[in-house]
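Which chain is which? The protein sequence lines are A and B, in order. In terms of my numbering, the first sequence is residues 1 to 348. In terms of my numbering, the second sequence is residues 1 to 348.
Nothing false has been slipped in among the hints.
In the BS3-like style, the derived pairs of lysine-lysine whose C-alpha atoms are separated by at most 25 Å in a straight line are:
(1) B:K38 with A:K89
(2) B:K89 with A:K38
(3) A:K295 with A:K275
(4) B:K89 with A:K89
(5) B:K37 with A:K89
So, partial list: chain A residues that the calculated Cβ filter (under 7 Å) puts toward chain B:
(6) G50
(7) L69
(8) K228
(9) E236
Ranges between beta-carbon positions, derived for each pair:
(10) A:G278 with B:Q132: 34 to 42 Å
(11) B:K38 with A:R114: 23 to 31 Å
(12) A:E9 with B:H281: 29 to 37 Å
(13) A:V280 with B:H281: 33 to 41 Å
(14) A:A35 with B:I41: 20 to 28 Å
(15) A:V280 with B:R298: 30 to 38 Å
(16) A:G116 with B:S34: 25 to 33 Å
(17) A:R173 with B:I41: 31 to 39 Å
(18) B:K38 with A:N40: 18 to 26 Å
(19) B:I41 with A:Q83: 19 to 27 Å
(20) B:G143 with A:Q83: 38 to 46 Å
(21) B:Q306 with A:M1: 54 to 62 Å
(22) B:S176 with A:R173: 58 to 66 Å
Read the hints as simulated data drawn from the structure, not as lab findings. Backbone N, C-alpha and C fix where the C-beta goes; we use that ideal spot for every residue, glycine too.
Protein chains: 2
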Amino acid sequence: MLEETYLYEEIHAQPRVIETLLQSERETINSLASAIKKRNITFVLIAARGTSDNAARYANYLLGAYNQLPIALATPSLFTIYQAPPRLKNALVLGISQSGMSPDIVAVLEEGKRQGALTAAITNNPESPLAQSAEFVVNLNAGEERSVAATKTYTAELTAIAALSVALDENPRRFSALQSVPQAVQKVLEVQQNIAQIVPRYRYMRACVVIGRGFNYCTAFEMALKIKELTYTVVEPFSSADFLHGPFAMLEEGFPVFTIAPSGALQEEMQHFLKTIGDVHAESIVISDNADLLKLGRMQIPLPVQVPEWLSPIISIVPAQLFALDLAAERDIDPDHPRSLHKITQTH
Amino acid sequence: MLEETYLYEEIHAQPRVIETLLQSERETINSLASAIKKRNITFVLIAARGTSDNAARYANYLLGAYNQLPIALATPSLFTIYQAPPRLKNALVLGISQSGMSPDIVAVLEEGKRQGALTAAITNNPESPLAQSAEFVVNLNAGEERSVAATKTYTAELTAIAALSVALDENPRRFSALQSVPQAVQKVLEVQQNIAQIVPRYRYMRACVVIGRGFNYCTAFEMALKIKELTYTVVEPFSSADFLHGPFAMLEEGFPVFTIAPSGALQEEMQHFLKTIGDVHAESIVISDNADLLKLGRMQIPLPVQVPEWLSPIISIVPAQLFALDLAAERDIDPDHPRSLHKITQTH
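Turn these sequences into a full structure, and let the hints guide you.
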C-alpha cells in the first residue's frame, strides 16, 4: 500500500517539518543574516548536489531578487580533483546537504574557512562533517529521511533559504507570508486525488520534459529528478526560455511537457509558452493556481492554494512529489528503494 | 550530400576560425585582462543562453582553476521579468552571444554598465546591441554562421575564453599550448570516418545521456544540445558525480551513455564511472584519447590528438558535432534547418 511507504509519510510530514524549522532555526538564521550584513559579502558561493543543488537554484533567484546577492554555484571538482579553488575572501560559502556527508561539498566549506570566508551549512545532520566545517549551522530538524528520494528535506531547505532572505531584508509582510507556508503545504496535499486520477495515463510514458522559469526553475529540476529517480523515465528540466533555444526541435505530437506555472510575474510569458507548445500538439500538463494558464494545458493539475510567487516553489513541488510516488506505484516500483541508488553518494 | 550542407562546411571551418581569432583579438583580450587586474574584480557574472551558455560553463572551470575567479551564471529573468538585479559593483559582467541580439542578455550588460561594473562581450556581431552595451568587445570573426546549430562560433567562444585565461596569468607555456589548437582541431576532424561507421547503430536511439566532468562538463552539455537540435533525440547531460545522485536509477541494459573522458586529472574518476555503468550493461560510448579509458566502453570514439586537459573541450566537441551531423543525415533530417528552430531566439 502506498500509504505505508516511507515516501508517502515523508511527503505528508512536510507541513509539520516546515513549521518546526521556522521556529527552531529562527535565531540561528537571524545571526547568520547579521553576519552577512556586517562583513563585506559581495557574493554567495553555494556547494550542493542532487536535490540540494535544486535548493541552491532557488537561492539563486530568491537571494538575487530580494537581497541583491549574486550567487555562484560551486564547481566542487575545482576544490577536490583540480585543487585550484577560486578566491573566496568576500564570499559567504554555503553548503547545502541533507546528510552533510558528501566529501566534495565539505571540501568547498573547508576551503572557504581556510581563506577566511564566512561559512554556513544547511543540513539535516548537525553532527555531520559539513556542519563541523561551518561557522553557522541551520539544522533542518526534519527527522530521519528513510526514503532514498528526498522530499521533506528539500522543502525544508527551501524554507531555510526563504527564512534567510526574510531575515536579511526585515520586511514584516514577507515574514508573515512565510509563516503561512505550513498551512499552504497542508492544503496543497489535497491535490493527491486529482493526481491519482491522471497518473494511469502516463503508465507507459518513456520520456518527458519539465519546464519552469524564474523562482520555479528549481521546481522544474526537482520534479524532473523525482520522476527520474522513482519511475525510471528519461526526464529533462528546462527554463521556458532555454527550451526555445534548440531543444524545442525534439517536440513531437503527444510528447509530454510538464509546465510549472504559478501566478506571478511570469504569467504572460508562460501563457505564450503554453500556446507555442499547444500549437505543435505536445501533451501539455500544467501545474498552476491560475485558471487561465490551466486551461491552456491538455491536462491540468490545479494548485488549491495561492502564495506569493517567491514562496511558490515550496508549494508547487508537492504535486510533483505525489505524481512521482503514484507513478512509481503504477509501475510496481518500490518508491522507498529505487534500483541502484543509495542515500549518501560519496563523490569526490 | 552531407558535404554540401552549411553545417559540414562550418564544422570544417573551425581550425581556420580559431587561428584567425587568436591573431585578430589578441590585443583586445590583453586590454581586457589588464582592466580585470586593475579594477578590484571579485567575481565574474556571465550572461548567455543555449550554446553560449555552454561556453560559459567552460569559463566557470577555466577562469576558476587558472585565474582564481569565481563565476556566477546570470539568471536573466532577474534583470528583465523581475527587474530585481543583484549588486554588480565588483564584477566583470560578461555577455556571450553569437548574434548579440538576445534582449535578455543585453539587459544584463546594460545593468552592469548602469552599476559601474566592468563589462565585456564575446560575439560574432560587433555591431550588435550586445557589443554596443559593452566596454570591451571580443569579435569572434567566425564569418556568418548559416546553419541553425552553432558549431564554429562555439569553439571560437571557447578559444576566446581560453585566450583571456592565458592573458590573465601570462604563462608562456600555456600561451604556446593555445597556439597549437588550430592544428589539433584539424587533426581531430579525421575522426569523421570512425564516426560514419558507428552512427547507423544509433538510427533508432530515442534517448541517451551524455557525461562529462570538470573542464568537459561543458562538452557534455554542448554534445547533448547538438544531438537534440539536429536529431530530435531526448538527451540529457550530466556530470558523472551528479549522475550517481539519482539519475543512475534510470539506466537500463542497453541504454546509451556517451562519456567524454580525455586524459587528465579526472582519469581515475572516469575509469571508476565507466566500470560502474559497464556493470549495469549500459551501452557505453567513450570519447577519449586514452586507450585504457576507451577499452572500458562498448563502443569507442578515439581522439587522434592529445592536448592539455584545459584545452581539451575545444577538441573533444568536434566528434560530437560530427556525430550529430551524421545521425541527422541517417534520419533524413536537413541538418541546416531542424524543424521549429530559428537562429535568433527573442527571449525576455
